[in-house]
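Visitor: The primary structure of each chain is shown beneath.
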Amino acid sequence: MKKRLRMSMVAMAAVGTLAVSSCGFGGGGSAEAEGEGTTLNMLVPSYSDGTKALWEGVIEDFEAANEGVTVNLQIESWENLESVLQTKIQAGEAPDIYNGGAFSAFASEGLLYSAEDIASEDTLADFQESFVENESLEGTQYGLPLLASARALFYNQDLFDAAGVEAPPTTWEELNDAAAKITATGTPGYGMPLGSEEAQGESLIWFAGNGGGFGDATEITVDTPENLEAAQFMKKMITDGVTQPDPGATQRTPMINVFMQGQIGMVYALPQTVGQIEEANPDLNYGIANVPTNTGEPATLGVADRLLAFKNDETKQEAITSFMDFFFAEDQYVSWVETEGFLPSTKSGAEAMASNETLKPFLEMLPDAEFYPTSNPAWNATDGAFKSLMGLLETQEPASVLEQIQAKADAAA
Amino acid sequence: MSTFQQPPTTRIRTERGQNRESLVAALPWIGPVLILIFGVVLFPAAYMIYNSTRRISQAGTDVEGVGFANFSRVLADPNLPRILLNTLVWVVVVVTVTVILSLALANFLNKPFPGRTLVRMAVVVPWAASVVMTTTVFYYGLDRDYGIMNTFLVDIGLLDSPYGFTKNVATALGAAIVVGIFVSIPFTTYTLLAGLQAVPGDILEAAKMDGAGKVRTYFLVVLPQLRSALAVAVLINVINVFNNLPILRIMTGSLPGYSADTLMTYIFKVLQFDRRLDLASALSVINFAIVIVIVAAYVKIVKPMRED
Numbered sequence: 386m387k388k389r390l391r392m393s394m395v396a397m398a399a400v401g402t403l404a405v406s407s408c409g410f411g412g413g414g415s416a417e418a419e420g421e422g423t424t425l426n427m428l429v430p431s432y433s434d435g436t437k438a439l440w441e442g443v444i445e446d447f448e449a450a451n452e453g454v455t456v457n458l459q460i461e462s463w464e465n466l467e468s469v470l471q472t473k474i475q476a477g478e479a480p481d482i483y484n485g486g487a488f489s490a491f492a493s494e495g496l497l498y499s500a501e502d503i504a505s506e507d508t509l510a511d512f513q514e515s516f517v518e519n520e521s522l523e524g525t526q527y528g529l530p531l532l533a534s535a536r537a538l539f540y541n542q543d544l545f546d547a548a549g550v551e552a553p554p555t556t557w558e559e560l561n562d563a564a565a566k567i568t569a570t571g572t573p574g575y576g577m578p579l580g581s582e583e584a585q586g587e588s589l590i591w592f593a594g595n596g597g598g599f600g601d602a603t604e605i606t607v608d609t610p611e612n613l614e615a616a617q618f619m620k621k622m623i624t625d626g627v628t629q630p631d632p633g634a635t636q637r638t639p640m641i642n643v644f645m646q647g648q649i650g651m652v653y654a655l656p657q658t659v660g661q662i663e664e665a666n667p668d669l670n671y672g673i674a675n676v677p678t679n680t681g682e683p684a685t686l687g688v689a690d691r692l693l694a695f696k697n698d699e700t701k702q703e704a705i706t707s708f709m710d711f712f713f714a715e716d717q718y719v720s721w722v723e724t725e726g727f728l729p730s731t732k733s734g735a736e737a738m739a740s741n742e743t744l745k746p747f748l749e750m751l752p753d754a755e756f757y758p759t760s761n762p763a764w765n766a767t768d769g770a771f772k773s774l775m776g777l778l779e780t781q782e783p784a785s786v787l788e789q790i791q792a793k794a795d796a797a798a
Numbered sequence: 002m003s004t005f006q007q008p009p010t011t012r013i014r015t016e017r018g019q020n021r022e023s024l025v026a027a028l029p030w031i032g033p034v035l036i037l038i039f040g041v042v043l044f045p046a047a048y049m050i051y052n053s054t055r056r057i058s059q060a061g062t063d064v065e066g067v068g069f070a071n072f073s074r075v076l077a078d079p080n081l082p083r084i085l086l087n088t089l090v091w092v093v094v095v096v097t098v099t100v101i102l103s104l105a106l107a108n109f110l111n112k113p114f115p116g117r118t119l120v121r122m123a124v125v126v127p128w129a130a131s132v133v134m135t136t137t138v139f140y141y142g143l144d145r146d147y148g149i150m151n152t153f154l155v156d157i158g159l160l161d162s163p164y165g166f167t168k169n170v171a172t173a174l175g176a177a178i179v180v181g182i183f184v185s186i187p188f189t190t191y192t193l194l195a196g197l198q199a200v201p202g203d204i205l206e207a208a209k210m211d212g213a214g215k216v217r218t219y220f221l222v223v224l225p226q227l228r229s230a231l232a233v234a235v236l237i238n239v240i241n242v243f244n245n246l247p248i249l250r251i252m253t254g255s256l257p258g259y260s261a262d263t264l265m266t267y268i269f270k271v272l273q274f275d276r277r278l279d280l281a282s283a284l285s286v287i288n289f290a291i292v293i294v295i296v297a298a299y300v301k302i303v304k305p306m307r308e309d
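Here the protein sequences line up with chains A and B, keeping their order.
Mapped onto my numbering, the consecutive letters of the first sequence carry residue numbers 386 to 798.
Mapped onto my numbering, the consecutive letters of the second sequence carry residue numbers 2 to 309.
One chain only, chain A, in its complex shape (with noise of 0.2 angstroms):
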């Protein structure tokens, strides 16, 4: 009888554990459809220290807006975002919307909205149509574009001053000798990123150079020609040490950093480090100027990140939709953007921000950019395949590099 009495208090505890953390699992939809008012949860990453105020403010006006909806904002950074992201599905708790990267695996599983589903027929015309080409998938757009941005050479020029380089280098021989002269003063001439942060981004602005690239949508190629050449001359840089030490290790934001304090030669950098430089170290004299390739043709790594939402719940599409709408309106969208120091991916933005000093640089180069293969399933992979191998470019042979990474997008796909 005891016995039996300690069996079920044993029981009912575990039973009761299961239920709460069925609950954590399941996520709680039912008690927000009883109630009026629709919750929407997001999940961003923090492309700024001032990225969760902007976003807070947005929602505060839409909520303002739209009465009965809440969104509840979560705030990731890049390194952990899809990792948070990929639990949170594997619970069945997917975020509404979702400010991120790629996106073919999730909509190839069918757990996305489209994008006619989401938003209206008018904020849907206003994007650039280089920028609606990367958000589709087998003739199906799932993303809205939310911003852009290209890579440029960003070069110290009381360094360049000091060797005795005259003008930013447009060539790889070019940019070589340069970073020899540089280095021969006794400062690391170019800066190479080739760390677990963003060596894929590093390695695409090289291989872009040289006519290469990651692949498409079907196929992912890294272990072609032109990217072994490209590689060749990254590892022969290394070896001729014109680089900062430790290249295959050094991360990209605390080089940006060495950059900025003077420290390194050249590095190629974003629109946002701009407005770094003006706050960290006014006095860098420094200049931005295309980036070096192969041939001297122009090439560089475009980036876009795009909003998308996910399949939770239907009476959540049009609340959904109202919050695209109302962010994607040129007051709200036009802030965002030009605070966040990006490029605009609406015609009616690009419009706004023409007259912008800063960004014109960049918005020249965007044309020739090469974006990463986003829509391909196996993108995933080989972007995590370049963040763990790339950097062993500085201790083994670039074909044998170049090899691990492609068995590792093959293996995904």
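One thing to keep in mind: the hints can contain errors.
Stated by the list, open to error - Footprint (simulated), chain A over chain B, 3 or more residues, beta carbon under 8 angstroms: (1) 57-66; (2) 256-263; (3) 268-278.
Treat the hints as calculated values from the structure; they're not laboratory data.
Ideal Cβ placement from N, Cα and C applies to all residues, glycine included.
With chain A's structure known, arrange chain B on it following the hints.
Guide: The following block gives chain B in isolation, referenced to the frame of chain A:
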């Protein structure tokens, strides 16, 4: 020969029936703990084992059951031997050095001296601070471009120019080991100090009267008395150090490839970079099994619960 007195031990023996009755009475009190154990230990562990037998897509949806395919895949991984070797070195070095240093420190703190309370409190500091914070301080201190430890080593002439300690495999692992020891010492020292304080004074007196020197007294009288304290300290340290992620992730996180990874950091990379929830779960099950085997072997061989 001298005769050692048995340390006073109290044994409470209860009858079986009485025991059962008291357990029922105790259930309302231990119920919350049971709920916690089910919720945060057993359920997640079972879920992890379940995941390790599934194929989970990159996006995170559960596709199908694959039996033990995930296990055969991770066991055939060419990176695994190096990772296991790193794990072994990491655990053995950190625990051994921690215990030796803590023994010395506990012995020192057991002697009366002016300011002892202050020193005892200072020892707690690395324990009280967050591990991530402590490690980050070391990480930035060792940074080539703006680390004060690097600057210091250059200033005193040990290095010609700053060195990227956290950017090379051997030095990054070495630095992680130093931090691991630093944060493990407080707990170990306090466990051993408690053990030292439980050594009865009359035994030491008897040893002294029998003419044992300081060294002999320590190794033949004090150390055997510390047996259970040492056993607990070693066991808990092994588990803690084996499962440590933050220190290694910060110190060796920027290194490319897998040559500086332990099982824990490798699981994390499989999850974060390869997006393989299923393979990461299989590796976690292996990790879990290794810890259980170590603990079982340890309990069997050392018998930390033995009271004599």
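Visitor: The structure should be examined with respect to each hint, and the outcome stated for every one.
Guide: Tested hints:
Under the rule that three or more residues need a Cβ within less than 8 angstroms of chain A, the assignment of the segment 57-66 of chain B holds, with 7 such residues. Under a criterion of three residues with beta carbons nearer than 8 angstroms to beta carbons of chain A, the stated coverage of the segment 256-263 of chain B is upheld, 4 such residues being counted. Check on the segment 268-278 of chain B: 7 of its residues sit with their Cβ under 8 angstroms from a Cβ of chain A, so the three-residue criterion for coverage holds.
Hint violations for this structure: none, all hints satisfied.
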